[in-house]
Structures are given as structure tokens and as C-alpha cells.
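With these hints in hand, go ahead and build the complete structure from the sequences.
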Amino acid sequence: MFEIHIRTECKNNYGFHYKEVEAKIAEAARRHKMAVIVGSAHHDGENWHNDLAIFDRQDSLQYRYGKTFLAGEKWCTNNHGKLPIVQLADVACCFIICHDVRYPELVKLPAAMGAQICFFCSCESGLLSEYKLSAYRAMPISRATENGIYLVMANTPANPDDIRAAGSSHGNSKIVHPNGNVLKEAGFFGDEIVSATIDLSHATGSQAKRTYNENTILRKWFREGCEFVEKV
35 MFEIHIRTEC KNNYGFHYKE VEAKIAEAAR RHKMAVIVGS AHHDGENWHN
85 DLAIFDRQDS LQYRYGKTFL AGEKWCTNNH GKLPIVQLAD VACCFIICHD
135 VRYPELVKLP AAMGAQICFF CSCESGLLSE YKLSAYRAMP ISRATENGIY
185 LVMANTPANP DDIRAAGSSH GNSKIVHPNG NVLKEAGFFG DEIVSATIDL
235 SHATGSQAKR TYNENTILRK WFREGCEFVE KV
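Under my numbering, the first residue of the sequence shown carries the number 35, and numbering increases by one thereafter.
Check the hints yourself; a few may be wrong.
[Stated by the list, open to error] With a Cα cut of at most 30 Å, we get these calculated DSSO-like pairs of lysine-lysine:
(1) K218 <-> K254
(2) K265 <-> K53
(3) K265 <-> K166
(4) K254 <-> K265
(5) K243 <-> K116
(6) K67 <-> K108
(7) K67 <-> K116
[Stated by the list, open to error] Taking CB as the label site, the calculated pair distances span:
(8) K254 <-> F103: 18 to 26 Å
(9) A200 <-> D233: 36 to 44 Å
(10) K218 <-> E164: 22 to 30 Å
(11) L162 <-> R91: 22 to 30 Å
(12) A199 <-> W82: 17 to 25 Å
FYI, nobody ran anything at the bench for these hints, they're computed from the structure. Built from N, CA and C at the ideal position, the CB exists for glycine as well.
Below you can see the structure in the form of C-alpha cells.
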């Protein structure tokens, strides 16, 4: 069994110094013996990256996953590295950010190589973009059920005092079972914690592994794609 907690907030973080903030998060991870995944940004000496900082329970930075498919951002560059599988609390995890959810292979390749949970962090369009909401709900559920793994989504909520506020989204952070059922889900508004205890024996990755193993026209192509997965 594995315990998951999602905290979503709607705040303006422009101007923060990411190294100072991440040092505080690392200390909290050590103190509470929790693995932590947090939206961040970092500079590699040449370019900025929109990424997730991934901390283990011993307060060390395990990995940074940089967003692969940008959605028009001009301040950062996209990920040209591997697709990571990171061991967090002894569980194999993979990651996507926001617009990445539209590209199923970013989850399917790691799932075929053993990932049991995909962590999906996002700040999507707001509630006024009503025509997008059905797709936003369907895609994370699809990424779970088409692969047979859990998906944990943390999405910025809407601002109840200003629905047009910059940096807000539509909420609905959720934990999705490998069979596609939503176990827990947040509302549209407000900072909220969503938590669940999950049974990892259900996260077999069966559909993704079938694509890798079964002798179909996709197998050769798919196995070549799996070479871009890196186990950390």
C-alpha cells in the first residue's frame, strides 16, 4: 500500500529564488520522511527549464523532470533528455507537466518499463474556457487506464475572488485508479489536500507492457522508443 497526498495552491511565485525554496522543501521532506514533487524552474547555465523538482525522503534532490512539450512558453526550453523513472518511497514513478498530457507516449513508454504511478502537475486553462474542460478531464483518466497504472494529478485551482486571475486554472486535482475510476478529486476552487491510500498490486502496467511484448506491427517501433526511458 502507498499513501499519496496532493496539495494545490493558487499563488503568484514570480521572482522567487528557486534554490532557496527548494532547500526548504528538501528539509521538510527529511523532517517528515516524505518524498516530495514540486513544480519549479531551474537554469542549466544556458537555458531555463519548466520542471518538477523530485525529492526523496532523505532530503536529497533525486531528479529534475523538464517539460517535454511546451505550450508556447518563451522563457524556457523543452526537455531533450531521457524520460525518467524515479524510485520514490521504493515505488517506480514517472512524470508529465501540463501540455505533456496530450502526448500519450510520455506515459506509455515509462509504464512499459515498470513505472506504477504517473505524477501529472499542471496549470491549465481557467473555468471560462469551458469548451476545454471535457478534454482536460478525459486525458489524465486516459493516461491511467490505457497503461494500467495510477495517475496523480495536481492542478492549480480557480480563484473564487477573481475567475480571470492570472496563474489560476480549474482545479479538479485527482487520483485515478489503473482501471480509470477516479478515487479522489478536488473541486474547482480553493487550496485543498486530496489524499488516498492505494494498492500498488493493481498498477501492473499491463497494457503498456503488452505493446512492448506482443508480436504486433508496433512492437519494434515501441521498443526503440523505450530506449529513451532512464531508470534513476
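Consistency of the hints with the structure:
{"no.": "1", "hint": "K218 <-> K254", "result": "violated (37 Å)"}
{"no.": "2", "hint": "K265 <-> K53", "result": "holds (25 Å)"}
{"no.": "3", "hint": "K265 <-> K166", "result": "violated (34 Å)"}
{"no.": "4", "hint": "K254 <-> K265", "result": "holds (21 Å)"}
{"no.": "5", "hint": "K243 <-> K116", "result": "holds (19 Å)"}
{"no.": "6", "hint": "K67 <-> K108", "result": "violated (37 Å)"}
{"no.": "7", "hint": "K67 <-> K116", "result": "holds (28 Å)"}
{"no.": "8", "hint": "K254 <-> F103: 18 to 26 Å", "result": "holds (24 Å)"}
{"no.": "9", "hint": "A200 <-> D233: 36 to 44 Å", "result": "holds (39 Å)"}
{"no.": "10", "hint": "K218 <-> E164: 22 to 30 Å", "result": "holds (24 Å)"}
{"no.": "11", "hint": "L162 <-> R91: 22 to 30 Å", "result": "violated (40 Å)"}
{"no.": "12", "hint": "A199 <-> W82: 17 to 25 Å", "result": "holds (24 Å)"}
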